[in-house]
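Whole structure, please, built from the sequences with the hints as guidance.
Quick mapping for you: the protein sequence lines, in order, are chains Z and R. So the first sequence is numbered by the numbering used here: it starts at 1 and just counts up by one. So the second sequence is numbered by the numbering used here: it starts at 1 and just counts up by one.
Worth double-checking, as some hints may not be accurate.
[Said to hold, decoys possible] For the chain Z half of the interface with chain R, some residues (derived, Cβ under 8 Å), not all of them:
(1) SER249
(2) GLY253
(3) MET258
(4) ALA263
(5) PRO275
Treat the hints as calculated values from the structure; they're not laboratory data. The C-beta atom is built at its ideal place from N, Cα and C for all residues, glycine as well.
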Amino acid sequence: MQKKISKVKNKNVQMVKAYILDTLAWAYIALVSYKVLYDRIYIENRYPEFTWKQPLYALYFGLAAAALLFFTNFSLGRGSFGLIKIKDDESATTKPFAFIGYLLIILTFVTGFYVSQVSLKEFFSAQGLEGAKRIFTALFHPNWSIFEQGLFAAIETIYMAFIATAIAIPIAFLLGFLAARNLMTGNPVGFFIYTALRTVLNVSRSIEPLVWAIIFSVWVGIGPFSGMLALCLHSIASLTKQYSEQIESVDDGPIEAMTATGAHPVQVVWFGVVPQIVLPYLSYTIYRWDINVRMATVIGLVGGGGIGNLLMQYQGQARWNEVGLLVILIAVIVWTMDWASSVIREALK
Amino acid sequence: MLEIKNLNKVYPNGYHALHNINFSVPQGEFLVVIGLSGSGKSTMLRCINRLHDPTGGEILFNGVDTTKLKGSALRKIRSEIGMIFQHFNLIPRSSVMANVLSGNLSRTGILKSIFGVYSAEEKERAMKYIDIVGLRGKEKNRADNLSGGQQQRVAIARALMQNPKILLADEPVASLDPATSHSVMQYLKKVNEELGVTVICNLHFLSLVRQYAHRVVALKAGKLIYDGKPLEINEEWFKTIYGEDAVEVTIN
Chain Z
1 MQKKISKVKN KNVQMVKAYI LDTLAWAYIA LVSYKVLYDR IYIENRYPEF TWKQPLYALY
61 FGLAAAALLF FTNFSLGRGS FGLIKIKDDE SATTKPFAFI GYLLIILTFV TGFYVSQVSL
121 KEFFSAQGLE GAKRIFTALF HPNWSIFEQG LFAAIETIYM AFIATAIAIP IAFLLGFLAA
181 RNLMTGNPVG FFIYTALRTV LNVSRSIEPL VWAIIFSVWV GIGPFSGMLA LCLHSIASLT
241 KQYSEQIESV DDGPIEAMTA TGAHPVQVVW FGVVPQIVLP YLSYTIYRWD INVRMATVIG
301 LVGGGGIGNL LMQYQGQARW NEVGLLVILI AVIVWTMDWA SSVIREALK
Chain R
1 MLEIKNLNKV YPNGYHALHN INFSVPQGEF LVVIGLSGSG KSTMLRCINR LHDPTGGEIL
61 FNGVDTTKLK GSALRKIRSE IGMIFQHFNL IPRSSVMANV LSGNLSRTGI LKSIFGVYSA
121 EEKERAMKYI DIVGLRGKEK NRADNLSGGQ QQRVAIARAL MQNPKILLAD EPVASLDPAT
181 SHSVMQYLKK VNEELGVTVI CNLHFLSLVR QYAHRVVALK AGKLIYDGKP LEINEEWFKT
241 IYGEDAVEVT IN
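In structure tokens form, the structure reads like this:
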């Protein structure tokens with residue numbers, strides 16, 4: 001009897017979810033049809049106005065359309081939650097509700113093209129091709145006279161990436177243990193630290209190093225220091241997540257064995273956990289170094305120092321031959337780093 | 001030396017793994033625990049050294065109730081109880097010597113152990129135990145370069161480093177071939193008879209039980225249903241312990 005009641009309750013929840021899905025789908029179709037198909041394409045309104053009334057009316061439309069079609073085979077919601085019967089030899093992709101789904105996808109593509117201002121006209125226009133010719137010829141005729149300048153900037157970039165990674169490693173190593181669910185969630189204090197740390201790390205990771213560089217360039221001034229700090233912070237956040245995930249997936253066996261000898265918890269971690277994670281750690285660390293070098297090359301664009309700084313200067317002056325040389329240098333740096341890291345990874349296996 | 005009284009274990013999800021287990025183990029005995037997979041053998045063994053926490057009952061190890069201990073008192077008791085596992089649980093990329101030395105962690109300072117600084121006396125003792133399990137000459141080999149049987153012997157040497165009063169063996173030969181199983185059981189017997197260590201061992205094969213055990217206890221669905229001599233397990237008892245359809249498989 002209990003099972004039957006919970007089954008019915010479940011079905012009701014599913015029905016509600018299906019109706020919500022239907023409403024949202026039709027509201028989206030209405031809004032997009034009006035804003036994109038009608039406003040932009042049909043009457044070519046260059047500066048369409050926006051009021052909050054528009055999504056509101058779309059929502060009303062959605063509620064009505066969803067209600068009307070809810071009990072037919074055109075209900076995307078019911079189909080998605082498995083509430084429409086599908087015979088054995090039929091496939092869900094040919095049923096009527098699937099076509100509402102296809103409509104959604106097509107509308108989204110159309111919207112996407114218009115919002116991204118995709119225009120084959122621009123791409124192939126006379127002006128456009130002129131500009132393309134200009135930049136590509138310049139890139140293929142690099143100005144070697146600034147090679148020395150570029151070289152020193154490249155060296156600055158490489159060392160910046162190295163220091164950022166090197167400082168991040170020990171910090172992430174320690175934080176990794178604090179962010180590992182299997183080590184921290186035994187007691188309330190540990191759980192609090194774990195949750196707080198994870199939140200801070202997630203936020204830090206969501207902000208790209210380029211943005212961090214802008215923040216730091218205001219704090220410590222433009223130059224390699226701000227770039228290094230930005231890379232370091234992001235690396236710590238990223239590495240801590242990777243490290244902690246490794247710790248969470250260790251085998252229990254060695255941990256049990258060390259605990260059984262009466263070892264202190266620190267020793268249990270050092271002998272039971274650490275040997276299992278060393279190789280994946282090294283792998284992720286080298287991967288991180290790789291990424292940092294790439295990012296270091298462009299972090300100068302926002303005031304981070306290194307070769308990106310030079311790139312920004314010459315780009316601002318539209319001196320494309322110089323930019324060409326810098327692009328080549330950047331490619332060489334990244335390519336060499338790629339090769340070096342794969343060699344090291346092979347050697348570790 | 002070891003007394004188990006009314007041991008009960010209920011898992012957080014409600015599964016009642018052990019029901020009122022009662023038995024005692026005198027010093028120097030070689031006790032074997034048998035029973036179907038899932039009958040609670042591993043759980044019971046792990047309750048003895050608190051790898052699992054019992055939910056009720058007492059475990060008296062030389063008069064001290066291990067179920068109530070915490071922190072350094074618990075670690076001290078654990079250092080007197082050695083344990084070996086079905087999957088050996090060694091540190092694969094470390095040498096045999098390093099693995100055996102890790103048995104002594106309870107007596108080695110934290111910093112010293114992290115930097116690998118062990119005294120000459122510790123290294124000598126480790127060598128002695130490596131010798132006892134017949135692995136002299138292999139102490140510098142990486143643990144994962146050894147065969148299964150050899151790895152289990154390293155595990156035994158590691159447990160011996162603790163100078164344990166009791167050795168718990170959780171299905172030590174379940175991953176090994178018949179000949180190697182006998183070899184490892186022989187070493188356990190040697191440890192029991194020559195070093196006087198009490199052994200409690202979970203096994204699957206009755207032929208091994210008959211050959212090595214002084215006494216047998218059998219678990220079924222978390223309850224203790226047999227406590228007696230190995231040779232007294234006749235066909236009727238066999239069917240009771242392992243079920244109506246069970247057929248004995250011997251390994252020679």
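Outcome of the hint check:
| no. | hint | result |
| --- | --- | --- |
| 1 | SER249 | 16 Å, violated |
| 2 | GLY253 | 4 Å, holds |
| 3 | MET258 | 7 Å, holds |
| 4 | ALA263 | 4 Å, holds |
| 5 | PRO275 | 5 Å, holds |
When held up to the earlier numbered hints, the structure conflicts with hint 1 and nothing else.
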